[in-house]
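2 protein chains.
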Amino acid sequence: MTTYLLERALLPDGWRDEVEVTVEDGRFVEVRDPFTRFDPQALADNLGIHRSAGESVRVPGLTIPGLANTHSHAFHRALRGRTQAGQGTFWTWREQMYAVAERLDPDGYLELATATFQEMVAAGITCVGEFHYLHHGRDGTPYTDPNEMGAVLVEAARVAGLRITVLDTLYLSSGFGAAPRGAQVRYADGSALAWAERVSALVAPEHAIVAGALHSVRTLPKDPAETLNLLAGWAADRPFHVHLSEQVAENEGALAAYGLTPTRLLAAHGLLGPMTTAVHATHLCDRDIAELGSASAFVSFCPTTERDLGDGVGPSRRLADAGARLTLGSDSNAVIDLFEEMRAVELDERLVTQRRGHWRSADLIEAATTTGHASLGWPDAGAIAVGQRADLVTLDTTTPRTAGTGADEHTVVFAAGAGDVVSTMIEGRLIFRHDDREEIGRALSRAIGKVWAE
Amino acid sequence: MTTYLLERALLPDGWRDEVEVTVEDGRFVEVRDPFTRFDPQALADNLGIHRSAGESVRVPGLTIPGLANTHSHAFHRALRGRTQAGQGTFWTWREQMYAVAERLDPDGYLELATATFQEMVAAGITCVGEFHYLHHGRDGTPYTDPNEMGAVLVEAARVAGLRITVLDTLYLSSGFGAAPRGAQVRYADGSALAWAERVSALVAPEHAIVAGALHSVRTLPKDPAETLNLLAGWAADRPFHVHLSEQVAENEGALAAYGLTPTRLLAAHGLLGPMTTAVHATHLCDRDIAELGSASAFVSFCPTTERDLGDGVGPSRRLADAGARLTLGSDSNAVIDLFEEMRAVELDERLVTQRRGHWRSADLIEAATTTGHASLGWPDAGAIAVGQRADLVTLDTTTPRTAGTGADEHTVVFAAGAGDVVSTMIEGRLIFRHDDREEIGRALSRAIGKVWAE
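In the order they appear, the protein sequences are chains A and B.
End of the first sequence sits at 454 in our numbering; the numbers just go up one at a time, nothing left out.
End of the second sequence sits at 908 in our numbering; the numbers just go up one at a time, nothing left out.
Extracted from the complex, chain A is given alone in its bound form (with noise of 0.2 Å):
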């Protein structure tokens, strides 16, 4: 049992000041805010807490919940700074992406893996959600165990010390039927049940969730009643996350193969549900965004990465006032900074509508943590409150980023950045300290160095 003062703190209700959080088997057991309650014995008490402040551990700065990366590729880590510069479309930056995949095998992943996670919990982030396809070895033969790649990723969580849950993915065509071609064999389990009965025999210890995945409406096989079917029943009562109308093509495609756009399709055979997590949901029509927030869907946008790729700018304030729950991944991880997402959301929708304020700063907080966290099957995370998980994120409001900035909301979201963590703690251990970034930066180098010496 460890007891920290906080010198500053975003508890459910807002912003305290000298909050008390004690922490027991990885769990806040204790939420003490001294100056807001009127209770005068519990006062008391508080003061008393405060004259023998020496037992507590004392955090200074700005302390959020730890934020939840419900979309990432970890291994496109390998891209960042060498993609970016390429001319084309998305389609012709797939190209430059399968070039890594191909690569890699189970322990240049798990080092890639755990030096990008290790990247992910110095930015705060406490949660990632894996959205994993790269299954079998380069030829497409599975591995030995044919959940390799996926341990490999729920080990690579363990020692970077975050929760993960590994969205497993099928992927079945190369579009609409198409065989897969080249890296995406790697990706293909023949047929839905094959994924399925694989899925089910990968283990998750206590940091892990495993959840079912669906690429995209493209990667489903011609006729796909039967598999939407299958997938109905994995999304009813666990994660379920599906890369949706990012591209255009994507919808000219589905209109094409099935008469429908991809959410319709998916809202058709009941895909769309309080579990599922459509990603980006950048190209939609009015009915799409009906039918997302009537199902109270989750959207997980992921700007960065869609400024990168061109993918345009989804309408986030009309999927959220229909009743859509935001959430923010990192995606490609050419950025790991979910600041930078929160803010992004906000400021695309200003630059296509020429007006501001779209969100609130304490709902793009919200997106980041709580409602992440739920996303991929951790209700229990994402706030500073008694029973949750003990995830705690510090920035230092003394940065020539931060300084004289507020220190309220519209500095975590407009002002703060990655570097600007100070220490981030997930359930109770003290995972992140600022003095560890040169070590996460050498591990980087080896693992990425690795992939390209090949």
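Keep in mind that the hints are not guaranteed to be accurate.
Covered by chain A, according to a simulated footprint, are these stretches of chain B (three or more residues, beta-carbon under 8 Å) [as the list claims (entries may be wrong)]: (1) 532 to 541; (2) 852 to 861.
Selected chain A positions facing chain B (in silico; Cβ < 7 Å) [to be verified]: (3) T89; (4) G357; (5) T398; (6) A403; (7) G441; (8) L444.
Treat the hints as calculated values from the structure; they're not laboratory data.
Please read all numbers here as calculations on a predicted model, not as lab measurements.
From the three backbone atoms N, C-alpha and C, an ideal C-beta is built for every residue, glycine too.
Mind docking chain B on chain A? Use the hints.
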């Protein structure tokens, strides 16, 4: 005379490893690149130099020329994290900005501008173009020295250690002839002649240039011909900057008042030339783009501010193709990070076109270095070459952001952030080292605290 051995540096013709530069009286007097010359004697000499490398100061990391920030309002730094959350439009944001403008006196302005310029130096900026309009006392009365506020900016730059071009701004009207009101009385000189007389008396020490600016065509008198003709004299042989078509409303107002777009109005009076910088240049018609291009005018894009204020995405690629020359500015200083501005030009163009690869990374670095410096009247800065002012900005390529990214121009543009700058040398003086960040944060906190405490 000091010699530095740069581990890896960006020279005018590309990246070179183990570059020796010798600095005397603030300029590069030798730049030696031992391994790419094929003169055997030179090679032998250079190997000799390597053997005696102990005599030179080794600079590990990625070294680039100094960055020029071509558009800044230093005092807006006090608004970071305080207005970004607001609703409304550019125009409602402006009211909040005016609230700070009303509070500042020369002492407070000196402290705030100094700390803000220090943050710039920490971000690798070696020269700032300060778009200066806060001229007079709170009620519009000139100070005893009518250039007191301009002198404050020159002094702030001296203390912070960077070059400054004071773009002293003519502001005659609140909008197409209407009288200045509120904070605007601090900006106005009454007539163009009074402005010219005042600005001519502002003394520029060696680290400063004084140049002219027009706030925008909005701030011209109802009959603008005489004023524009006077400004054309100023713009002939020294930098001249003007906010141009940042908002659709400015275009509409100009068409209503003058029957011309802002660009064409300036062109009609000889105000578009190779020393003119059009700031923002967001909402342009085809003919505007052609005019700016054929004039070889500079355009200062400020993408993070343009996002923040909901300005929209300007046609950077089309302007450059037409012949205009791109530079970059931090403008509102809600972010001070020209690395972010570089990539934002490309990424925002991707968002609106859904295609990638509009700008080469090398061209974005050129915008932020040589072209930026030229637009501020310092054509002998922004390159690591003999005769140029000896500015060197060194990036750490081993941080979590930059590790494993290839250490080339794509690292600079697509991975690095201001926080990765480990040192900034300006005209041979080491002005910033990474450890100074703490003190800069304190200076910002102090200065901004005073603004809001008043």
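Status of the hints after comparison with the structure:
1. Against chain A, the region 532 to 541 of chain B contributes 8 residues with a C-beta closer than 8 Å to a partner C-beta. That satisfies the three-residue criterion, and the hint holds.
2. Only residues whose C-beta sits within less than 8 Å of a C-beta in chain A count toward coverage, and the region 852 to 861 of chain B has 9 of them, enough to reach three; the restraint holds.
3. Interface hint status for A/T89: upheld, as the beta-carbon distance to the closest one in chain B is roughly 6 Å, under 7 Å.
4. For A/G357, the shortest C-beta to C-beta distance to chain B is roughly 3 Å, which falls under 7 Å, so the interface hint holds.
5. Because the beta carbon of A/T398 sits about 4 Å from the nearest beta carbon in chain B, less than 7 Å, this interface hint is met.
6. For A/A403, the shortest C-beta to C-beta distance to chain B is roughly 4 Å, which falls under 7 Å, so the interface hint holds.
7. Evaluation of the A/G441 hint against chain B yields a held restraint, the C-beta minimum of about 4 Å falling below 7 Å.
8. Interface restraint check: A/L444 against chain B, minimum CB-CB distance 4 Å, threshold 7 Å, status holds.
The structure is consistent with each of the numbered hints, conforming to all of them.
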